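If you want the building blocks of each chain, they are given just below.
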Amino acid sequence: MGEEKNLRIKIGELKSDIGLLRNLEISIGKLIGEEWAEEAGPTVFPSITDLREWDLKILQRYKPFYMPFCDVCCLCTFGKCDLTADKRGACGLNMAGQQSRIVLLACCIGAATHISHARHLVNHLIEKFGRDHSINVGGLNVEVEAPVTRLVCGVKPKTLGDLEDVLNYVERELTRLLSATHTGQEESNIDFESKVLHAGMIDHVGMEVADIAQVSVLGFPKADPEAPLAEIGFGVADITKPVILVIGHNVPSAAEIINYLMENGLYGGVEVTGLCCTAHEITRYNPRAKIVGPISWQLRFIRSGIPDVIVVDEQCIRADTLVEAQKIKAPVIATSDVNCLGLPDRTKDDVDKIVHDLVSGASPGALILDPAKVGEVAVKTTLLAAPKRMKFKAIPDTSGIIEDAKRCRKCNECRRACPNDLPIPEALAEASNGNLESLANLYEECIGCARCESACPVGLQIHSFIVKAAEKKVKEEKYKIRVGRGAIQDVEIREVGGPIVLGEIPGVVAFVGCANYPKGGKEVAEMAMEFARRRYIVVSSGCAAMSIAMYKDEEGKSPYEIFSGRFDAGGLVNVGSCVANSHIAGAAIKIASIFAKRRLRGNYEEIADYILNRVGAAGVAWGAMSQKAAAIASGFWRLGVPVIVGPHGLKYRRMLLGRKDKPEDWYVYDARTGDKVYVGPAPEHLFYGAETKEEAMVMIAKLCMRPNDTTKGRAMKLTHYIDLSKRLFGVIPDDVHLFVRTLADVPITMRDEIIKILEGKGWKENIIPDPTLLPRLVRKRGG
Amino acid sequence: MSMFSDIPVDVGIVYEGERIRWPDTYAEFGGPRVEYKFELVKARGMNEVEDGKITIIGPDLNDLEKKSYPFGIYVEVAGKEIEEELEGVIERRIHEYINYIEGVMHLNQRYDIWIRISKRSFDKGLNSFTYIGKVLYRLFKSELPIIEKIQITFITDPEKVKEKFKEAMETYEKRDARARGLTDEEADAFYGCTLCQSFAPTHVCVITPQRYSNCGAISWFDGRAAARVDPKGPIFRINKGECTDPVKGEWTDVDEAVKLKSGGEIKRVWLYTAFGYPHTSCGCFEAVAFYIPEVDGFGIVHRGFTENTPIGISFSTIADSTAGGRQVDGFHGISIEYMRSPKFLQADGGWERVVWVPQAVIERVKDFIPKHLADKIATENEVKNIEELKQFLIARSHPIIKRWEAAKAEIIEKPPEEERVEVTATPPATMPTTEITVPTITGVTGGFKIVLKNVKIHAKEIKIVRSKEK
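Chains W and X, in that order, are what the protein sequence lines are.
All residue numbers for the first sequence refer to my numbering, where the first residue is 1 and numbers rise by one.
All residue numbers for the second sequence refer to my numbering, where the first residue is 1001 and numbers rise by one.
There are no misleading hints in this set.
Derived pair list, reagent style DSS-like, types lysine-lysine, alpha-carbon separation capped at 30 Å: (1) X:Lys1124 - W:Lys693; (2) X:Lys1066 - X:Lys1124; (3) W:Lys676 - X:Lys1232; (4) X:Lys1232 - W:Lys660; (5) W:Lys761 - X:Lys1232; (6) X:Lys1119 - W:Lys552; (7) W:Lys329 - W:Lys393; (8) X:Lys1053 - X:Lys1174; (9) W:Lys222 - X:Lys1384; (10) X:Lys1119 - W:Lys557; (11) X:Lys1149 - W:Lys756; (12) X:Lys1267 - W:Lys780; (13) X:Lys1119 - X:Lys1066; (14) W:Lys756 - X:Lys1134; (15) W:Lys712 - X:Lys1267; (16) X:Lys1384 - W:Lys156; (17) X:Lys1259 - W:Lys780; (18) W:Lys676 - X:Lys1267; (19) W:Lys557 - X:Lys1067.
Some residues of chain X that are not near chain W, with every Cβ distance over 10 Å (derived): (20) Ala1043; (21) Met1046; (22) Asp1051; (23) Asp1060; (24) Lys1164; (25) Lys1166; (26) Ala1179; (27) Arg1228; (28) Arg1403.
Since the hints were made in silico from the structure, they are not lab data.
Quantities reported herein were computed from a predicted structural model and do not represent experimental measurements.
We put the beta carbon where it would ideally sit given N, CA and C, even for glycine.
Produce the complete structure using the sequences and hints provided.
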């Protein structure tokens, strides 16, 4: 895609055989000499409004349902303004507008995070490996290397340098979107929502850029279903060795630590452990690295005193890392300009000088913005600090807990502060009598936020108590996770085509997002295994992928050891970190190009319409917490993939809910005839908050239904929907009749019961159309 | 009321694929430890079957211990539309249906069956084959209304199993011989399948006795049964009409059916060629036959092949150029089974035209490759590029080289291709796209003059595309 930019030609006067040119000025924004034969669709590098029509279509069916998390707006000095009961604020905005505006703000923050992460990574990799380093995400088995980028931007990146143009575009769009959140900019909540979808879309582009860049260059597994297994859990670090802990998302510094260890023959003597997505990335870089766990493990692992040096990059890093690190006398190295921790910039200082200051305790940490230098400083510091620290920990011993617990005033503030309403006061009361069992039992459901400690008027270290009480469990936390494999191969998608139409694979379920779980990570593992056993294709990423790993069956095997890593029926696929989420969207997009040969290039609307109507996929972000998760979800909505969140996800302020009681909402065009056909509420919602695991599971099965399902496919999907509902709630769902189009849809082992229900509901047979929401896709009948 | 309320365990599709390990097994039937085992469906006359009769010859579940037993399932069906040809299709449902029973595992088919009953299900009351018979009976009757009467016999008596095993083996053999022998010319009809239209809206598969569906999952017999069971379903009968080209494989009614079912996108189909109007491909074909112009022959590459083919591209890339329900000259999505058919690329020369096939595919179809070609078709082990392929074909005297010699005589020298530069200006999105073709200035020999003054041209982007000679 070699190109020139901003070419200007000025000709005062030119006489030639054929004519005369005077004062000719030609300016060319971009000159592209390219070999991509695919014709571009209507929306190459779409601006905010280019896909607005599509947004309005889906928002008409999936109407925003607002649940104000906060009733006032305090963003400008007019306010704060009370927006309850249809009141408008000083600027004129109403509650719906304000809620959607906050959602947009959150999605912009999320998208900005991935995009700036991508920019940093691409810059760094270009500097190190050159602009011409080629993009390669899966060798011969991947034909479409960057489905999201092709679809949105209409370009086909071949080199790292090509990714810069893509980033220029998403950065420009992001600035526009963010500007729309200013006071007095947009008044329609629906337009805010359309911008939310735009933010989500560019977020996916940003994620894809980040991941394909690092996969191409850093030797990560390339779309490998047999990516190696790595170790995960609190107990996996060999604490007899010096331990480096990396936290965050952006891999260059962590990779340089491993490089330095390898180059100096030190890797055998030092443990490299990680938390959050950087942990995913280091195991993709080198599967000998170890993952401690998701974000909720930060505090407990630091306090354990195991890490000798803590290296933080960016995103989802606790803002008390330095304070906590000081408690265990572990130096902190900050490595990102977006997360400096108030530390002095030592980027240009001599390595040994920095190491000396860190080891001696002269400074609690350093900001080093050069990854290679981070590698050297981190390793040298660890080797010197470890023998001095002697794994000094900040967790009290048992007798200390019992004594401290006696100071509890039973004021209940801790429980009130706890996001999951855990019975802490009761556990403390028992602890004061010498019984730590109840405290230990809190461990699995604790998300490690330590709000209980902040709330405690007498300053009890409640989180540490819980971790100590559960010490045995904590030490036994040793599991296996399949290293993030990256993209899904085109060939794998081809292979599941047949089984999907023949009804052998009921759908694709993606477990993604953060670790803000209502009842611990175990629920995610249980859900993932249930759907893998039911022969769905199960995909995972980020913190959710880690939580799935932290589970053992009777034989002591983790889910990644039980299920294959193939994108196939009953497979459990870890794509990798947050930015690898783009491969999940990418797989959905590739289905359209692989089976229907739909053009991807700049053809967003048509492909989203294809996915919404045909690709039976649903995302589950059971512990979604961050703004990034909000942006990722929005990217899936615009693409037509529904997302379910756990109870904490309701705090995202609004859901996108379909109304199955309104038949008029569920008509599509039959592309064969142009007729409008009722297809039932499939998929029923785009964004849904479930209160319990059980509710989520029934909803997952339901949201995998699509208007195009073959009868065999629908029968299978209904089987799982009904079976889960019967098992978990003891009833056949009251809406099954809406999902039966012809009698061949009825699951064969439930025929009698279902037919009775259909009769009772006055059900009528319907046709199965070639579904689309876009009238322009109705086929003109050939001669 | 559920269909299975009198069965002591649950019955549902969710149990399909359930594995029962030996420690959890109550008893095992068939499997690798016993010699005699089978399941068989026989088509009978209406008077020969007592509908709903379930018979157990030998000890029932209750009387058994944890061991592997010789075992037979003998099913007799009758109905106006039931014919011997459908026995195999009905028989394969036994596997599917038995697997729906909670705590019952059924693997394989025919003389290779392997069944386990779990301890837990036995304890729940699944203590007689009668229950399994009832489940089979109800599912067969409900799913295949063409079965008007059905009786089921379970055999555990070793002597009786051995006796019936002989009959089963003879039946399988007879059935296979008939299936192999059935030609497209003899068949009274073909079958069409539009299951893949849920993803590839214009693709229609035409399934004949000698041409399996692209996915390799649906035979002509399967099609016949499915079309009878659900005449309105995605698999339907196609009358053949008149055969207008027996070599390329064109039938008038096939063309009509495909035109109708593809919404007019596809108007003609030639079943036995990769050129002209080849059969369309959806996306899930097992392999692709691709034309290699340099040697005037076909390469074949299957899904499992992870290297580059000799033309320098991989399966993914080749597959990408033919998928989506289109007719693409020289790129042809096929099933492995079709390679075993005498009609395989018949119009193009069949196996004589095939020059390169991955070793793994050769292994699967070697009994169907004509003897004289045995060592003449290259694999990835011998050949990595076109040059090596040519050398190989010459060295092994592949019949394709005769075509080269014949073709040499016909070569007419073509004028060299001229390169043309096309400038496409992309105006703002609201304006219609205009295309300006700038003639090569040096090539113009006068006759007109262009005068441009104070012109400002701003092009947001200019694409320069090397266009092929039209």
